[in-house]
Amino acid sequence: MEPAVQHTVVIWPLILFLVAALGLVTVMLGLSYVLGGRHDNRLGNQPYESGIKPTGSARTKFSAKFYLVAIIFVLFDLEIVFIFSWAISARDLGWVGYEAFLTFLFDLTLGFAYAWKIGALDWSPRAPRQLRLDAIESNQQRNLPSEQTS
Amino acid sequence: MSLLVFTLIFPLLGAITLSLFPRMSYGAARTIGTASVGLAAFTTALVAIFWSAAGGFPFIQTLWQWIDAGDFQVNFSLYLDGLSLTMLGVITGVGFLIHLFAAWYMVHDLEGKPGMARFFAYMNLFIVAMLLLVLGDNLLLLYLGWEGVGLCSYLLIGYYYETPANAWAAFKAFIITRIGDVFLAIGLFLLYVVFGTLNIQAILHAAPSVLAQGGTLANVAALMVLLGACGKSAQLPLQTWLADAMAGPTPVSALIHAATMVTAGVYLIARTYGLFLMAPAVHELVGIIGVVTLVIAGFAALAQTDIKRAIAYSTMSQIGYMFLALGVGAWQAAIFHLMIHAFFKSLLFLTAGSVIIACHHEQNIFKMGGLRKKLPFDYAMFVIGGAALSALPLVTAGFYSKDAIIWEAVANGHGFLWAFALFGALITSIYTFRLIFVVFHGEAKTEAHAGQGLAHHLPLAVLAVLSTFIGAMIALPLDDVLPHDMAEASHWVELFFEILAALVALAGVAIAAVLFLGSRKTVDTVVESHQGQRAWQLFHGGLGFDTLYDRVFVRPFRATARAHEKRDWIETIVNIVPALTRGANTGLAAGQSGRVRAYAMIMFAGAAVLLALLMFG
Amino acid sequence: MNDTWFQILGALPPLLVALSVIGLFVTLCIARHERLVYAMTVGGLNLALVATIALIPLGPVAVTPLYIVDFYTLFFWGVILVATLACAAFAMPYLSGFNDRREEFYILLATSALGAMSLVAARHFGSLFVGLEALSIPLYGMVAYTFRTRASLEAGFKYMILSGVASAFLLFGMALLYGATGSLAFTNLIPAGGYDADAGPWMLMGIGMMLVALTFKLSLVPFHVWTPDVYEGAPAPVATFLATVSKTAVFALLLRLFVSAPITDNAWLLTLVGVLALASMLIGNLLALRQDNLKRLLGYSSIAHLGYLLTTLVAGASLSIEAVAVYLATYVGTSLGAFGVVSLVSSPFAGKDAAHIDHFRGLYYKRPVLAVSMAIMMLSLAGIPLTMGFIGKFYILSVTMASGLWWLTGGVIVGSGIALFYYLRVMAILFMDRPAHAREPQLSGTGDNWAQTVVWLLAAATILMGIYPAPLIDLAAVAGITLGS
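Residue numbers (our numbering), protein chains in the order written: chain A, 1233 to 1382; chain B, 28 to 644; chain C, 316 to 800.
Read the hints as simulated data drawn from the structure, not as lab findings. Just to be clear, a hint being listed does not mean it is correct.
Said to hold, decoys possible - In silico DMTMM-like links for lysine to aspartate or glutamate, alpha-carbon gap of 25 angstroms or less:
#1 B:K400 with B:D507
#2 A:K1349 with C:E419
#3 A:K1349 with C:D415
#4 A:K1297 with C:E469
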């Protein structure tokens, strides 16, 4: 092995790539700036909506539930990647690998059960069941004395 | 024997408990504070019994390895031999009696006030530090105790810190003893460099082979240790703090500034006597310092009006005797006098405290007078203590300890020192009986209410018994530790010199009686004359050492400082450091903007610089 | 006993923690009971601690190619478990006023501790990355746990974003190293030219990028900027965890990486690490100088302490590993105590944490034992003799001096000098008169007494180790020998 040769880093392709990438962007933006026509009137500044007048703000509020469900979907979806990679080498890993994978799936299911239990999967903006029960309970407690007096 | 460590543990537990519960009642604080030292004293007694039963060999209790870094190894070990046992007995025994008395004394000051557990916490902590000082088997542990007692002394002198004068007295004591401590620290470094160890016994063992007799190294090392001892024991030239230290509560003066801490210097020199044997010139100097201090302090004691300051000067003078003994090679006599002095001086201080309380915090002796009738118990105690201090022959303990020193001085061929010591003895009995006559005789000038209770009577009575010849019968197990006192002269010569010393002491009493018993006309005329006035001022101020230091050190320093007040380049230089620090702080803190994007930028920039340096550096 | 069982035995402590995490999930799926959850967490951690101690006579066990359980691992497992237990004890009273789900905190805590344990035992990039992420991801949640206070949420986001950046650096670095050496195990990271050859540029780049990521976790300059904000915003028990467990685990890993990977044996790399150390101790202390918020102050001070620690990496002296073990143990003990007091005085539902220094003014007259404990911790952090902080600092100084790294020695001394100012300032404030408007320290809630006991024990240990450090030093010495050999 000749270490001296191995360690020489060839830098010029990197620099060429850098120059080319920057150059491409500059040329594209620059050309359109120079050549493109500019209109500065009210209609021209409106986004094109297929002839329909745009209404309202683009920044509508989504329910936070959406993100929560989305992230849970991404999580469990990604775990499938592990199943694939295990499946490919399942025979090589043998029973130990199988046991390990069962453990993994158990944990995964447990996480799913937990997410379900705490109401993370409830789509509607209703309060989770436990909190609802709590609320009912506290309402009852609050009402109890008044019922007795009446 | 392994009980030894408990002498430390009990007071330590006391101190910790007292500081953790600052709001406990006075009764509880008093009980804990006193009982912890009492238990330590009891343990000491047990240790002494077991130790002597086992044959009285040096005993080392290694608790753990304190520091182990390469070649530098220090064990946390306690070393028990005759010398440390003697000190142990004095510290815990006398310490316990003083704590007991303090429980009575401090009631008047502390009951019901906030933070009064603080007093006993400091006192207990002091006992711990002092025990560490005498029990440490290496110089580092000794130094730890040394600084510990210095700290407690500072805290207790300034105990009534609301009065600025007391805080200043505490500062003064701390700073001046600190000068000595610095020298001691230098001495320790030097010894470590030379011997490669801090273990005291190893150093003593190796000293004759490593050091050249009278060589520079030996002299410098011994001188450094001596200066350290001078600071702690209030000897010339670092003696000025002790009289001011009387600002503390009286039990503190008795415990720290009479019985224990101020004698630490004597202990240190005795402990490292091998070093002084190798440095004859410095050894000689020890005796000279002692004798000069004892005479100067004696004169100063003659002209005090404050009862506590008078006793404080007498303490300096008595420690001077101990230094003299060390200087003439009468090692055992020095330690013996140390113990006897602890007995009678704490007796005097505690009695003085009792008198002060009785007279409603009056400390001026000329405003007392005629207290003999009203305070017969205090009178008896003070006379016993005073007699021991003056070394009245045969019946007092002081006679056996102090006259031994005077005799050793002449027997070892230091005639000059002997003459001064004898003169000092004369002055001692004059100022002692001046105090007695002025305070207890003559016409009554004030109301007085005698102290009551066991906590008041018992400590005084025990100390009084120990101040008589009974105390002198205690035989100290020092023969294996310190060289025998060398005096080898015929019995008759010794007897002659002892009779001489006894006569001198009695003569002092007689002179005091002539001068101060009765109308005191002679004294008044002398003092009122111009010369007398100046002499009085001189003596009253401790022979002008404060003034001298003020002129030599403080004023030039202040003058230099004032000269630069406007445009002080030194201070400018010094101020650069905080200014730089503050500027750097402001600049850096500005970077903490709280914005994530700024943080990310800093991170990326840092990473870029780091990686670039790594690749291309 | 066959090999598999032997390996499982070696990995018993983290497995016990993992089992308790799974158990917690099962419990939460069935019923919510805070006491039960707490008991399960603490029980699992304690069992793991017992197992760690029981494993000491076992000797090094290689658990798959990913992990090695040697005495070094066990030492830091012990430190991590003790620190996590203390955090749990502080969290209990802290969360008692939190009117939302409290139980999940313990799951996050245990998971994070599991990650830390994995990190300490890692000897392979795979286990390194898994460990680091398992340590960090629960931490994001913990930092933002009291998300209704703005500061907590903000701190959580800051930490997550910047941490993600650091993880990217880590992965890139590992990829470069894999590309250059074809291996992911620490010991196989050999320069292409053999053990004594210089590492090539790709390897340097790789190790440099890993260094960026790990020093970010250790909050060393210039990757320290997140520290004060996150410490201030995080709930006090979480800041405790960040300052102790997270730092210990990452540093232990960094040390193992530097000791076992041959490519780190590069003078220039070590010099740059030294520069980072110097910058950290100076800048950390300077930033803390005039800080009035105790949590920020402790954050800055942790930057400086990690800077001191990093010097040992540069020194490479025979004493280095022992020094790291001693220093980390003392630092963890002291930080736990200091943050513990802050945590006990704070509660998240009376506004922000009571971390401003004014809240501590005159604490001595209200809570003397707590204040004395805090004072002891400050002394120990400052490295005053008779506290265990002194022992640690003593080790650092002797290591740097033995290696002749005088510029770093000077840095440690200057840094400690600056640090004295702010530590003693905090201490003085504890004993000052209490202003009339000061907020009463609130100390109510379940588990409070136990948390206080923990603080007292830590204070006692600080003093005890300061005067009797021999057992700790012996343990650290064995840990040093196992890793060094």
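Going down the list of hints, with the structure as the test:
1. B:K400 with B:D507: Violated - the C-alpha atoms of D507 (chain B) and K400 (chain B) are around 49 angstroms apart, more than 25 angstroms.
2. A:K1349 with C:E419: 13 angstroms, holds
3. A:K1349 with C:D415: Holds, at about 16 angstroms.
4. A:K1297 with C:E469: 21 angstroms, holds
Hint check: a violation occurs at hint 1 only; the rest are consistent with the structure.
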